[in-house]
Amino acid sequence: MNIKIITVGKLKEKYLKEGIAEYTKRLGSYCKLQIIEVGDEKAPENLSDKEMDIIKDKEGEKILAKIPEQSYVFAMAIQGKQYDSVEFANEIDKLGTSGKSDIVFIIGGSLGLSQAVLSRANQHISFGKLTYPHQLMRLVLVEQIYRAFRIIHGHAYHK
Numbered sequence: 001m002n003i004k005i006i007t008v009g010k011l012k013e014k015y016l017k018e019g020i021a022e023y024t025k026r027l028g029s030y031c032k033l034q035i036i037e038v039g040d041e042k043a044p045e046n047l048s049d050k051e052m053d054i055i056k057d058k059e060g061e062k063i064l065a066k067i068p069e070q071s072y073v074f075a076m077a078i079q080g081k082q083y084d085s086v087e088f089a090n091e092i093d094k095l096g097t098s099g100k101s102d103i104v105f106i107i108g109g110s111l112g113l114s115q116a117v118l119s120r121a122n123q124h125i126s127f128g129k130l131t132y133p134h135q136l137m138r139l140v141l142v143e144q145i146y147r148a149f150r151i152i153h154g155h156a157y158h159k
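Those letters in the sequence shown? Residues 1 to 159, by the numbering used here.
Everything labelled a hint here was simulated from the structure, so no lab data went into it.
Worth double-checking, as some hints may not be accurate.
[What the hints assert, rightly or not] Here are the simulated distance ranges between beta carbons:
# : residue 1 : residue 2 : range
1 : A43       : H153      : 19 to 25 Å
2 : N46       : G99       : 45 to 51 Å
3 : K58       : T131      : 40 to 46 Å
4 : S29       : K50       : 46 to 52 Å
5 : M52       : S126      : 18 to 24 Å
6 : A65       : H155      : 35 to 41 Å
7 : P133      : K58       : 19 to 25 Å
[To be verified] Once the Cα atoms are required to be at most 16 Å apart in a straight line, the calculated EDC-like pairs of lysine to aspartate or glutamate come out as:
#  : residue 1 : residue 2
8  : K62       : D84
9  : K25       : E143
10 : K42       : D57
11 : K12       : D40
Predicted, not measured: the structure shown is a model, and the values here were computed from it.
Positions of the beta carbon are idealized from the N, C-alpha and C atoms, including for glycine.
Please take these sequences and the hints and turn them into a complete structure.
Here you go:
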């Protein structure tokens, strides 16, 4: 299975890089994971709704350019469907067994995702109603993907 995480912005924090590297290494026996960073747009405070949409659209164009046409796309969105870990694992397993072996997860920038990206997604998913910094969300997502593969393969995981 090929999994891509397309995310807005560069990861700067060493502790996050180390955590992601560890889970990426662990995932090596289950799938091919690629993380693609696209540049974020400058977003000063006090933007109007129109200005926010312009920034999200610019970031969205960069994201959409990185999604292979045949990919199944999950957009991370606070209003998306919430899964528990077993349900998430079952969803990934179901995609793999139905021939959808190219999966893309999208993490937007600080303003979220453009309407075009949300429209391209096959599913909107959420890891809860809390707001996470998008850099931290990258680590949380990689860990949940790892946990899903552990569950799929019948290995122990923390409940």
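Do the hints match the structure? See the list:
{"no.": "1", "hint": "A43 with H153: 19 to 25 Å", "result": "violated, 41 Å"}
{"no.": "2", "hint": "N46 with G99: 45 to 51 Å", "result": "holds, 47 Å"}
{"no.": "3", "hint": "K58 with T131: 40 to 46 Å", "result": "violated, 22 Å"}
{"no.": "4", "hint": "S29 with K50: 46 to 52 Å", "result": "holds, 47 Å"}
{"no.": "5", "hint": "M52 with S126: 18 to 24 Å", "result": "holds, 20 Å"}
{"no.": "6", "hint": "A65 with H155: 35 to 41 Å", "result": "holds, 36 Å"}
{"no.": "7", "hint": "P133 with K58: 19 to 25 Å", "result": "holds, 20 Å"}
{"no.": "8", "hint": "K62 with D84", "result": "violated, 30 Å"}
{"no.": "9", "hint": "K25 with E143", "result": "holds, 11 Å"}
{"no.": "10", "hint": "K42 with D57", "result": "holds, 13 Å"}
{"no.": "11", "hint": "K12 with D40", "result": "holds, 13 Å"}
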